[in-house]
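J.: Residues in the sequence shown are numbered from 0 upward in steps of one, following numbering that gives the first Met the number 0.
Be aware that one or more of the hints could be misleading.
Once the Cα atoms are required to be at most 27 angstroms apart in a straight line, the calculated DSS-like pairs of lysine-lysine come out as [unchecked claim]: (1) K238 with K125; (2) K76 with K43; (3) K111 with K125; (4) K222 with K212; (5) K147 with K178; (6) K242 with K125; (7) K147 with K125.
Treat the hints as calculated values from the structure; they're not laboratory data.
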Amino acid sequence: MEAQMKNDQLIAKRLIEQVLTNWVNPELEKRKSENKLNLDFRLKAAQVIFSVGGAPLVRVNSEVKVIVKAKFNRPIKKGEAVLNKDIEDIRSFHLIDEEKDFGHITIVRLVKGWFVGFSFIYDVSKSKELYDIAIEFMKSAYSDLQEKRHRPFIESALIAAENLAKARIYLLPDKEIRKAKTHGLVQGKVNRYVQTNSIIKLDQRDVFNELIKLRDKARYDPKFSLEHSKAEKIFNALKGLSKEVFIYLVRFGELSNKTISFN
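Take these sequences, add in the hints, and give me the full structure.
T.: Put into structure tokens, the structure is as follows:
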């Protein structure tokens, strides 16, 4: 436990140093050269906002916009001003609602030293839209599964799988997925991200590829058939991917912590 804490502190220290070196100090030098920094300026907080395809935005001190969950060292009354010295520890940093689709690194200096919070999750609101579409088609797929209507099941399952994959990848700073208009591009991303820290799981990739193969057969082949156990396996993989996206959306306040039941 103590070793883990020391390791976390070392990681935080290095991250703070990188933030200062790569973004904050160059921004302060730029402001100095433009006479936009007071002579008595003292850095108390800084924030780097990241957007997909855009340049990082650097904020300092009162420009920083963040929601902080903190532990206080004394009772705080509602509406009472909170001072630096009142904060025992910072539990988390979250961006304000208007900026929830951006990534960020935020550092704040308190009596005990620097605290850092970060998130490299992007476009949670768009991910939620894609997730909602996927769930609608999952409900259709589940109904077809129960009635063993395997042809329409394949169609609905593929649309659900595609939107779930996009919803998951949208959380990353991937510019190409945001322009995807073909099954092929999404399929390529699914196959690529299965090799990257299991962003897409192996069984999810296999099911997505299988659905692509089965779609035309289900639509047009009079001899098409599908074992019901295989259809159930496909649906279970969809549930796994939907759960992963669901966890992110709950974490970032896009969904309540109420799971959707397919029983």
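J.: Run every hint past the structure and note whether it holds.
T.: Hints, one by one, checked against the model:
1. K238 with K125: holds, 20 angstroms
2. K76 with K43: OK: K76 and K43 at ~25 angstroms, within 27 angstroms.
3. K111 with K125: violated, 38 angstroms
4. K222 with K212: holds, 15 angstroms
5. K147 with K178: Roughly 35 angstroms separates the two Cα atoms, so the pair is violated.
6. K242 with K125: holds, 17 angstroms
7. K147 with K125: violated, 33 angstroms
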